[in-house]
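Colleague: The residues making up each chain are set out below.
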Amino acid sequence: MAVQPEIEKKSFVQTVLDTADDVFTRITAGIPAGEVRRMIRGEAPGRPNPRLKPHSEAFLLHIKPTYYHESVTKFTHTFRLGLLSTYLFFVETITGLILMIWYAPTPERAYEDMIRLLSNVPFGQFMRDMHRLGAELMVLIVTAHMVRTYLTGSYKAPRQFTWFTGVILLVVTLFLSFSGYLLPWDQLAFWAVTIGTSMAEAVPPAIVGETVNLLARGAPDIGANGLLRFYLLHVLFLPLLLFLFFFVHYYKVVHFGISLPSDEEEVGQDTANKVPADRRVYFLPDVMIDEASFLIGFTALMVLLTAFFFSAPLESIANPQSTPLHTVAPWYFYWLQGLLKIADKMIAGVIVPGVLLVLLAAIPYLDRNPSRRGRDRRVAIISGIVAGIVMIILSWMGTPYYAVQGAPAVEVVQELMPEEGAGHVREAGYQHLPLGVYDTREHPTTDDAKFNHILHEFEASIARFEEQDPSFNNAYGILKITQEQPRLKRITWEIYWLSAEGVEDRFVRTFFLHEDSLYWEQYGLRDFSFLRPPGQE
Amino acid sequence: MKRPWYSFLYVRSPIVKIGLGIASLVLTIVLLLFIGIIEERRMEAQTANWAGREIEKGAELYANNCYNCHGMDGKGLPGVAPALHSKYFFTQRLNDIGWSGSLHDYVALTVAAGRPSRVQSQWAQMMPTWSNRFGGPFRDDQVQAVTAFVLNWEEDAMQQGAADNPDPWQYFEDAPSRAVVGEDGAPVAAVTPEPTGPRPPQELFNVMGCLGCHNLDQPQTPNNRGPVGPNLGNLYETAGTHGEDAATYVHNSIVNPNAYISEGYTAGIMPANFGERMSEEEINSLVEWLLDPNRQR
Ligand code: HEM
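Keeping their order, the protein sequence lines are chains A and B.
Just so it is clear: in the first sequence, position 76 is 99 by this note's numbering, and no numbers are missing.
Just so it is clear: in the second sequence, position 185 is 926 by this note's numbering, and no numbers are missing.
Hint data in this document are derived by calculation from the structure and do not stem from the laboratory.
Every residue, glycine too, gets a C-beta built ideally from N, C-alpha and C.
Everything hinted at is true.
Result set (DSS-like, lysine-lysine): computed pairs, CA atoms no more than 27 Å apart in a straight line:
id, chain 1, residue 1, chain 2, residue 2
1, A, K97, A, K76
2, A, K97, A, K297
3, A, K297, A, K275
4, A, K87, B, K758
5, A, K473, A, K512
6, A, K87, A, K275
7, B, K758, A, K97
8, A, K76, A, K297
9, A, K76, B, K758
Computed far set for chain A versus chain B, every beta-carbon distance over 10 Å:
id, residue
10, V36
11, G57
12, V59
13, I121
14, V194
15, A247
16, P347
17, P353
18, T469
19, I504
Start from the sequences, fold in the hints, and give me the full structure.
Modeller: Here you go:
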């Protein structure tokens, strides 16, 4: 464009303004500045609607519908759970990419890299916590999204295939979480994944199970090969799969339109795509403002949770030679672990999940009831609720509280000072463990309130097990705290008891605790004690 | 149309939405700033945390693998293994062997490779190889952890040298100390403080270094022989088979080990000076304890 004749034709100022507007319109993919002002003022668009242009100009907007039915834009219809699932995938991709910079998937480096990330990379811990929190939230939100579409009957014709791709997305999300679980290469990761992959082994016939297991682990046991495979699954294959199925899923959603609240159409009809002109809500600007402000709000919530209430765990480095007491799966697999406690590996690990998955995918075909209205779907809704309750009960059974109590003495120590993770004693810390020998029979007290609390718990927990377990009688404990080295204390738990036959027995467990060690729980208020000037309590 | 009870969740006004969005954005920025400000301190705390945890891991490894030669408190056992919790070790040892690297490397390498050679050794057993790179049981991180633990004795060791806190070092025959003898250089036995009262046999077995050469739990049988000294797990059965009564035999074995050499072992391995280092009362209690079939550890 020749500038000179332009200026000659119009004034100089006008030319500058026009050029600016031109640039602006390119950035907004088709909406001139004046129209943006009218949007902000809340004025109705002209005809033809200039606000539709970006949907044909911009790639990201062309997949969004230009307008929605007013009823489905209500927050309480979808709870924005599908949007949120998509956003969480985005968050995971970004934070995950950043984590990849400091991570190498080999047993020699992975764990050390995690430590380096935590102690040497600005915002490294934040990124890791955010990624982990995002992953857990994603499982939660995707499940909630499924529950929402189930309760509104949105899987019914013509949306059966949308539901089916949704089931695939759910499975991929779970596998993504599970494959990421191994990467820190700590005891938590290693054993959860060892148990998880061992379920694949139970797939009949044996040759198939063994092959699947071998393919996943890369060797009979998880090692360098297994880690590399899980890494590649986690950062490449599964995200690509999710990406692909997301687009199929979303295409179907846009294609059929989001299902209307069931009261607004006749039973058996689907009018989601026939939106009367007076009920249209345009994406630009209304839905965009809604979605953008919602996602920003959600981001703020996530950052807040990460900053104060969530810290990704990191236990000791993976040790194939020693299984820590009470290895647990991540919480969203507790139900599987619960099943494994009451049935054998073949049934609980392969048949039940397989049947569940097929049933879930087949729901649109099993439920022949054409109505999406709650009062017509009592059976479906009640069976959904029953399934949910069964899942919660199974999950509870998956926790160590159910049916895996070891010997009482072992459990007493595990409660106070678990083999892995924090526990009360480590959380109280070096400062609150005065040197000495403390015998529960003497009900010792010290000047330190936190320590008194520990002693009290020690006593109470021994008493509790004494009551429960007939082969654990006249029990008492001795806690010895000695200085092992400068700034290192040795903590010895000794528990003595009489068995049912009256034979004396004892259990001794020794731990060490360094002054600088910080131990934390995954959920709960973060420990900011490092901000205190040293030597001050 | 009836609204569900949760419909208050739906904000209609775009102005309110934009307001909430901006407020959230401000909150996010404030939170990130807060994290940014404390980041330096957090990283320091984390660095110290993982160093601390490494020492904890090392302490566990030491307690499970090293203490029976180098002693519970790292002060070595006479004739079994040198002291690591020793001022000499932290200040003089590297000079005496002409090591130009750091003490950290010296410890890490010694632990990793061990000293699997028997030439002219004054020690009952060889220092085993620990790194799994050379056939030992430790991974690299474990070698590092136990090294961190050994080095953590420094602060304590540097206070040694006083009469009530002697340096427990032992003379190295293969690398005589160039330090001034008499100050740092006195052999350990000469400066061992007089015991304040009879020590219990469990403690004696440990501090006298019997542990380094004898296994208390395993029985001594033709197929299960202690590598350095006989296993003592079934001593109460075997002690009486040498023509003396059991207590006399064990007493003599301790005070004058070379008087009777157990089959398959050589004379001169078991130190002959235990009679001077323990009181008669202590030796008797040790004998009694060793012969007790239900002995408590
Ligand atoms: C990564 C996981 C998933 C993502 C990113 C995702 C995304 C979306 C989005 C953006 C929508 C638009 C409507 C809304 O926001 O509610 C939607 C609708 C839908 N989704 Fe998903 N979804 C996922 C998983 C699932 C799962 C696990 C199911 C069920 C098994 C499912 C079933 C459906 C159905 C039936 C609809 C149509 C809802 C209607 O028309 O009212 N989706 N999904």
